[in-house]
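A.B. asks: Chains S and Z, in that order, give the protein sequences. Read the first sequence against this note's numbering and you will find it ends at 187, with the numbers running on by one and no gaps. Read the second sequence against this note's numbering and you will find it ends at 296, with the numbers running on by one and no gaps.
Please note that the accuracy of each hint is not assured.
Stated by the list, open to error - Here are some, though not all, of the chain S residues that point toward chain Z, as calculated from beta-carbon distances under 8 Å:
1. N34
2. A39
3. W40
4. Q42
5. D126
6. E133
7. K134
8. Q140
9. H141
10. K168
Because the hints were derived from the structure by calculation, they are not lab data. Heads up, the beta-carbon is just placed ideally off N, CA and C, and yes, glycines get one too.
These are the residues of each chain, in order.
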Amino acid sequence: MDLIWWILIIIALVFVGILLWFFSFYNRIVRSENRIDNAWGQIDVQLKRRADLIPNLMETVKGYMNHERGTLEAVTKARASIMSAKTPQESMDANNMLTGALKTLFAVAESYPDLKASQNFLSLQDELTHTEEKIAYSRQHFNDSVLVFNNTIETFPGVVFAKRMGKKERQMLQIPEASREVPKVAF
Amino acid sequence: MLLEDHIRKNKIDTVLICMFMVALLFSVIFAIGFAFGLPPIFAMAIGLPIALAYIAITYSFSVSSVIAAAGARPANPQNREEKLLIYKVEEMSLAAGLPAPKVYVQDSRDINAFATGRKPDEAIICATTGAIQQLNNEELEGVIGHEMSHIKNRDILVATVTVAVVGTIALLAEIALRSLFWSGGSRGDKKGGGGIIIIVAIIFIVLAPIFSRLTYLAISRRREYLADADGAYLTRNPEGLASALEKIKNDLPDDPKGSKTVAPLYIANPYKRALRNSIWSTHPPLDERIRRLRSM
Numbered sequence: 001m002d003l004i005w006w007i008l009i010i011i012a013l014v015f016v017g018i019l020l021w022f023f024s025f026y027n028r029i030v031r032s033e034n035r036i037d038n039a040w041g042q043i044d045v046q047l048k049r050r051a052d053l054i055p056n057l058m059e060t061v062k063g064y065m066n067h068e069r070g071t072l073e074a075v076t077k078a079r080a081s082i083m084s085a086k087t088p089q090e091s092m093d094a095n096n097m098l099t100g101a102l103k104t105l106f107a108v109a110e111s112y113p114d115l116k117a118s119q120n121f122l123s124l125q126d127e128l129t130h131t132e133e134k135i136a137y138s139r140q141h142f143n144d145s146v147l148v149f150n151n152t153i154e155t156f157p158g159v160v161f162a163k164r165m166g167k168k169e170r171q172m173l174q175i176p177e178a179s180r181e182v183p184k185v186a187f
Numbered sequence: 001m002l003l004e005d006h007i008r009k010n011k012i013d014t015v016l017i018c019m020f021m022v023a024l025l026f027s028v029i030f031a032i033g034f035a036f037g038l039p040p041i042f043a044m045a046i047g048l049p050i051a052l053a054y055i056a057i058t059y060s061f062s063v064s065s066v067i068a069a070a071g072a073r074p075a076n077p078q079n080r081e082e083k084l085l086i087y088k089v090e091e092m093s094l095a096a097g098l099p100a101p102k103v104y105v106q107d108s109r110d111i112n113a114f115a116t117g118r119k120p121d122e123a124i125i126c127a128t129t130g131a132i133q134q135l136n137n138e139e140l141e142g143v144i145g146h147e148m149s150h151i152k153n154r155d156i157l158v159a160t161v162t163v164a165v166v167g168t169i170a171l172l173a174e175i176a177l178r179s180l181f182w183s184g185g186s187r188g189d190k191k192g193g194g195g196i197i198i199i200v201a202i203i204f205i206v207l208a209p210i211f212s213r214l215t216y217l218a219i220s221r222r223r224e225y226l227a228d229a230d231g232a233y234l235t236r237n238p239e240g241l242a243s244a245l246e247k248i249k250n251d252l253p254d255d256p257k258g259s260k261t262v263a264p265l266y267i268a269n270p271y272k273r274a275l276r277n278s279i280w281s282t283h284p285p286l287d288e289r290i291r292r293l294r295s296m
């Protein structure tokens with residue numbers, strides 16, 4: 001009689017253990033997917049902030065760089081394509097375009113000593129570099145999060161449950177190698 | 001070794017050493033119980049509450065006491081150098097996926113930095129003015145990445161708790177030895193055969209504080225390697241931190257500022273012994289850290 005009770009208790013404990021493990025695994029999948037969306041939210045905030053800084057920059061350089069119409073237009077155009085981007089990858093591509101255009105603008109600014117001495121220009125340059133870095137690091141965190149999520153749902157035991165939970169592999173944000181080096185130009 | 005392997009190995013090591021630490025605490029409580037002829041459960045009922053209370057008190061005062069000891073002040077965004085430091089901290093917090101910590105500055109020409117705070121959302125990163133002025137962009141990024149990893153890995157929590165456990169073991173051993181000394185003469189005769197075991201227990205109680213201190217230091221060194229590897233993973237650039245550590249090595253002050261309480265928290269121990277490899281060091285030797293970073 002005693003023995004049967006012990007066996008029943010052990011079976012119940014094992015069952016509760018399996019159930020708890022399943023709950024925590026389910027939560028882990030949901031949490032790691034939410035982290036990806038949250039990481040994208042961070043990138044989006046930085047992209048908007050960067051786009052918002054551009055009109056200020058244009059206002060500041062306008063007086064000095066009237067002859068550099070092409071450079072200024074490239075920046076404005078890149079900003080417009082950030083605003084109109086629909087998918088994450090489109091946003092990142094537009095962001096790269098803006099990075100390239102700004103790189104040219106800051107390089108050209110080197111030959112305008114008055115502009116370079118302007119406190120306003122200097123702090124805008126710092127802040128644009130800063131948002132640039134923030135976007136790069138948010139993207140890195142996004143990709144790290146995607147990697148963790150994909151690993152979870154593609155390895156055992158995730159591979160068993162993920163399909164039933166309707167979870168699919170997520171895409172990383174692609175970016176050309178060169179853009180990672182851009183921030184150094186500003187210094 | 002891959003960066004991920006470094007990180008995993010360091011984590012496993014820390015868990016093992018922490019388990020050893022807890023085992024040590026329990027053995028001390030049992031040994032004391034034994035030396036006094038108390039049953040183990042009774043010894044636990046007295047010993048554990050003392051240990052937990054001590055840990056809780058140290059824990060709740062940890063942040064404010066560190067900031068005060070370092071004489072740090074909040075960074076001033078009006079100053080360009082300090083603004084760029086705030087920017088760097090924000091960037092690294094995004095890379096780690098953590099809320100941005102508060103940024104503090106310590107006025108000192110030494111190159112150093114530390115992180116404190118029990119939870120990521122109340123964390124603080126502090127850099128010296130020397131670090132802001134003498135490190136270049138990549139080096140500063142490496143240093144901030146290292147500190148951000150301490151926050152992410154909850155090293156401040158690990159450090160606070162282990163320091164508290166070391167303190168508890170020392171406290172219990174002290175109380176036990178003093179009371180044994182005062183009541184010692186009368187006890188021996190009653191027990192008779194247990195004499196040798198009691199002597200072993202007493203020797204253990206004498207040595208336990210030293211063991212626990214060494215264990216704490218081993219944990220601290222592990223966490224430094226882990227933060228170096230994790231920091232390099234955040235910046236994707238081990239060379240930045242390696243080069244910063246090299247600058248620190250060549251610039252070790254003769255007369256370091258700040259109190260010794262903050263020393264274990266800094267990115268590199270500001271006292272000259274940072275160069276030596278010893279079981280009494282809070283940090284691994286700088287040369288070995290640089291070598292490991294460069295081999296990543």
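A.B. asks: Against this structure, judge whether each hint is valid.
C.D. replies: Each hint tested on the structure:
{"no.": "1", "hint": "N34", "result": "violated, 12 Å"}
{"no.": "2", "hint": "A39", "result": "holds, 7 Å"}
{"no.": "3", "hint": "W40", "result": "violated, 12 Å"}
{"no.": "4", "hint": "Q42", "result": "holds, 6 Å"}
{"no.": "5", "hint": "D126", "result": "holds, 7 Å"}
{"no.": "6", "hint": "E133", "result": "holds, 5 Å"}
{"no.": "7", "hint": "K134", "result": "holds, 5 Å"}
{"no.": "8", "hint": "Q140", "result": "holds, 6 Å"}
{"no.": "9", "hint": "H141", "result": "holds, 5 Å"}
{"no.": "10", "hint": "K168", "result": "violated, 22 Å"}
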